[in-house]
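Novice: Below are the chains, spelled out letter by letter.
Number of protein chains: 2
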Amino acid sequence: MKPAPTIGGYLIQRLHALGVRHVFGLPGDYVLGFYDLLQHSPLRVVNTCDEQGAGFAADAYARVRGLGAVCVTYCVGGLKIANPIAGAFAEKSPVVVISGAPGIGERLRDPLLHHKVRDFDTQKKVFEQLTVASAVLGDPQTAFAEIDRVVHAALRFKRPVYLELPRDRVHVPGLRTHRPAETAEPSDRRALRAAVAEAAERINAARHPVILADVEVHRFRLQDAVVRLARRTGIPVAATLLGKSVIGEQHPFCLGVYEGALGRPEVRRLVETSDCLLLLGAFLTDLNLGVFTARLDPARTIYATSEKIAVGLHNYEGVRFEDFLGALSRAPLHRRALPRFPRPRPAGAGVRRSPRAPLTVQGLFARLNAFLSPDDVVVADVGDALFGAADLFIQGRTDFLGPAYYTSMGFAVPAGIGVQIADRTKRPLVLVGDGAFQMTGFELAAAVRHGLDPVVVVLNNRGFGTERPMVDGPYNDVADVRYHELPALLGAGRGVRVGTEAELAAALAAARAHRGSFFLIEACLDPGDRSPALQRLTARLGRRV
Amino acid sequence: MKPAPTIGGYLIQRLHALGVRHVFGLPGDYVLGFYDLLQHSPLRVVNTCDEQGAGFAADAYARVRGLGAVCVTYCVGGLKIANPIAGAFAEKSPVVVISGAPGIGERLRDPLLHHKVRDFDTQKKVFEQLTVASAVLGDPQTAFAEIDRVVHAALRFKRPVYLELPRDRVHVPGLRTHRPAETAEPSDRRALRAAVAEAAERINAARHPVILADVEVHRFRLQDAVVRLARRTGIPVAATLLGKSVIGEQHPFCLGVYEGALGRPEVRRLVETSDCLLLLGAFLTDLNLGVFTARLDPARTIYATSEKIAVGLHNYEGVRFEDFLGALSRAPLHRRALPRFPRPRPAGAGVRRSPRAPLTVQGLFARLNAFLSPDDVVVADVGDALFGAADLFIQGRTDFLGPAYYTSMGFAVPAGIGVQIADRTKRPLVLVGDGAFQMTGFELAAAVRHGLDPVVVVLNNRGFGTERPMVDGPYNDVADVRYHELPALLGAGRGVRVGTEAELAAALAAARAHRGSFFLIEACLDPGDRSPALQRLTARLGRRV
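Heads up: the protein sequence lines correspond to chains A and B, in order.
First residue of the first sequence? That's 1 in this note's numbering, and the numbers climb one at a time after it.
First residue of the second sequence? That's 546 in this note's numbering, and the numbers climb one at a time after it.
Warning: the hint list may mix true and false statements.
Only pairs whose alpha carbons sit at most 30 Å apart, straight line, appear in this in silico DSSO-like list of lysine-lysine [to be verified]:
#, chain 1, residue 1, chain 2, residue 2
1, B, Lys669, B, Lys853
2, B, Lys670, A, Lys124
3, B, Lys853, A, Lys125
4, B, Lys853, A, Lys124
5, A, Lys308, A, Lys125
6, B, Lys670, A, Lys125
7, A, Lys124, A, Lys2
8, B, Lys853, B, Lys670
The following residues of chain A were derived to be distant from chain B, with all beta-carbon distances above 10 Å [to be verified]:
#, residue
9, Lys80
10, Asp148
11, Thr183
12, Glu185
13, Pro186
14, Arg190
15, Ala205
16, Arg207
17, His251
18, Glu272
19, Thr273
20, Pro355
21, Asp375
22, Ser408
It is worth saying that the hints were derived from the structure and are not from the lab.
For glycine and all other residues, C-beta sits at the position ideal for the given N, C-alpha and C.
Please model the entire structure based on the sequences and the hints provided.
Specialist: Okay, here's the thing in structure tokens:
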């Protein structure tokens, strides 16, 4: 008779079965036993420099592969990833947090064990705020069922979950009779049929239907269904910034990014005057809506997400987002001529700039646009790295990642690590401001260690460019650093500093030719220069400061 | 009639009145208005590279000055300091967390504003787990009273507190009639008299009384009372690792550091065989007790902390720690001859080592001991930087800082910033392992910016030296980095790599002569080399992995 797997073993087995191949994190004594188990499992451990980096990397990995995992020690490791996990929650990225912890046997009489904060469950209480499900795997009788329940919640809601593994439970066998639970939750078939029928009727009756696709289309991997729907019906597709690259931007029916009054006026007009707007997998956030400059009327909207399906003012219960979108894309819909609209133009196209004049943000993005190839994934940090990148022309799907709602600085460098670990055929183009680079840029040491070769463009405008136009003071200055010297410190990679478009073009060409380690381009920008998108955004945000 | 101060103004005023002169942190749009107010106040803003660094710096500042403050933006800033604030909670450091937040007026109808995680109060719920008091300053009628209550709790319990300032409340006036509340909480005089009388009687009757002083003696600034008590009675004083340097280690009655079976045997014998042990301000943590190798009998103990006063098995209610210790130090106590005990010897003294042989941990600490001057403050990170440093000979009081209970890696470099900002007459000697340096070492950019000049010794053994002896694997390796090249990146400071004692001695001499910017010494150590203290600790900890 086969012995029951151990709790640690079962957790690894389930993650592997669900497609996870890498676990990000750093060890500590409360989690060492589990690390040893990981080391001898089919999962690969990916160390970062700091746990914060591991959290962001796991988030990006989850965005690319559908599920990610980060493994940390108790409190001193776990609490360092509170912010990245909060970001994964806010932007719907399914990350499994695995934390070591003092053994159940050690907790008797409540001793002051190292790393303890207030009580033994302090860390769990914190993560209850930041995840959709959590469990302490203390009881071998229930541990397997708890693992199933919690991991299922990550997949169901595309949000992070928390599993705490006391160190004296890692090697304890669970229930031998346990079988992974059946987790399919089918839609209510009548409600599904009715919702799709009403939606199809509205679409067919509409004169100017438009699709606005957002983040959940990525997370539920429904890009094909959206493309099919658009192709069959001739309905153009816009994306929010968080949803950018939900379909390749070379598609003739791709409208580009919609950002309310902050974005391109022709996209705004088409979306907001549509008599039937299909909001697919959408988050109605302030940044997605151009700080609430969007005018979207629910009565003229078909709204479908994992949390709600509504056609106009009719809500439908018990209908799964993926079922609805799948059925709608196969429904009897009229084909219509694609309306005329100005194609999204690559950033900076048609603007005359001198290749020897000081580099501008606009010139930077124009050159980046020319540089992009189908194997690149753009990973954007907060600031112009993100908002200016809205107009980059992304060819593949889910090839643009950025914290476009939660907007936590420090995301991009470690996220670039997660992206390339998740898909070695891709090369990350990391766009990061100087302020954000100072937070997590050291993680390039981890990139070196794991043989990754991101192209990293540091937009160095010597400060917090998003804040300067709102209220400025010395607190918006960022310490002056010679970022291009990083290869000397890390003993690997290449770095150049560029101040003109000609220099940038040469650097990008060199970066394309350079493989096997990171290539860092420090782009010197004027502190007062910013993209038109960021100018509009900060003018709007500044009113509320 | 004078107008009432604004909520933001009153908060600044109270912090200033309580001795705070600097606020650590990074701005963000939800806190920009308050940053602008800070900029025009008597408080100085100290930017770090990442919020994590600001949290550690504020903790160290609080340890030196008695109260610290860190100011961050909502969630993306606040959640980054969950771990440093947890450390401040665990080790009793009074840090006021000030977080910006969406305006109360913006929260209506629960919109998805950027940086929001689950609900608007998610961040507050997280910090309720990590602080002793918290408030959202949303109501002008109660804001001043809430500020008083929360800041008082930080001072009373020497633990962090949380104040959330919605951005539309910064400039709103509070109650004009408000006066800061009277916060003195006197001891119950009868209980105090009885406790001191019984303690004095026990001490006088004892044959071998010993004082074991710990962290709260630092936090309540009762070092004078301890010295007076020791001097008047001839009772020797040991300290825990967290309490190290509670009195200067040149005092003839200083026993050195007590760590149960992990420390020096003569200290252990004196402490554990004492017939009257005065445990003053002590935390009975696993690391303070040598992973529970300590044998301390409550019946033979006088135990005094801010949370409990007990003489033997008699507990006394309503007696304040500072009143008890003050009264005891003035009580009628017999003077006795100081018992004979071997004086603590500087680390590595008497061991023959060759100045040209590869550097050892023991040799490193011997040289550091010779280097230390009274103006230095040793700031230790986790690992041998901390445990090996137990035997350093600290001359001043509270001139040794380390996370000796919570043991969060990444503490020391930013804490060094906090120490020197708190007291410009001091120079931090930062001891940090390579793993910890990769987490927060970039903060030296902030040190450069603020004109600080720590001496930073990176103990580079290419891995997590505390974990290797427990369970080893590639996950304990740390990416190879040329730390001494950091000055090229930061455009300031000096860096040298040393591999022998002779090179270290030369580097230390150069560091002493160098002022105005950091001096980094990368000390190359064998991955298998560790201090005797760390060897004993890891042998003990390894049993529970």
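Novice: Measure nothing beyond the straight line between the CA atoms of B/Lys670 and A/Lys125; if it is 30 Å or shorter, mark the hint as holding.
Specialist: 9 Å, holds
Novice: Just double-check A/Glu272 for me: nearest Cβ-Cβ distance to chain B has to come out over 10 Å.
Specialist: Per Cβ check, A/Glu272 is outside 10 Å of chain B; nearest 18 Å; holds.
Novice: For the pair we were handed, B/Lys670 and A/Lys124, check the Cα-Cα distance against 30 Å.
Specialist: Given that 30 Å is the threshold and the Cα spacing comes to 12 Å, the pair holds.
Novice: Beyond 10 Å on every Cβ pair: is that true for A/Thr273 relative to chain B?
Specialist: Non-interface label stands for A/Thr273: nearest chain B Cβ at 23 Å, farther than 10 Å.
Novice: Just checking, A/Arg207 versus chain B, shortest CB gap more than 10 Å?
Specialist: At about 30 Å from chain B, A/Arg207 clears the 10 Å cut-off, so the statement holds.
Novice: Using Cβ atoms and 10 Å as the threshold, tell me whether A/His251 really stays out of contact range of chain B.
Specialist: Nearest chain B Cβ is 28 Å from A/His251, so the label holds.
Novice: Starting from A/Lys124, check that the Cα of A/Lys2 is at most 30 Å away, please.
Specialist: 33 Å, violated
Novice: Evaluate the condition: distance from the CB of A/Glu185 to the nearest CB of chain B exceeds 10 Å.
Specialist: 22 Å, holds
Novice: Beyond 10 Å from chain B, beta-carbon-wise, is A/Thr183?
Specialist: Since the minimum Cβ distance to chain B is about 23 Å, A/Thr183 lies beyond 10 Å and the statement holds.
Novice: Could you grab the alpha-carbon distance between B/Lys853 and A/Lys124 and see if it respects the 30 Å cut-off?
Specialist: Roughly 28 Å between the alpha carbons, so the hint for B/Lys853 and A/Lys124 holds.
Novice: Need the status of pair B/Lys853, B/Lys670: alpha-carbon distance at most 30 Å?
Specialist: 28 Å, holds
Novice: Over 10 Å from every CB of chain B: does A/Asp148 meet that, or does the non-interface label fail?
Specialist: Non-interface label stands for A/Asp148: nearest chain B Cβ at 24 Å, farther than 10 Å.
The earlier numbered hints that this structure contradicts are 7, 9, 22.
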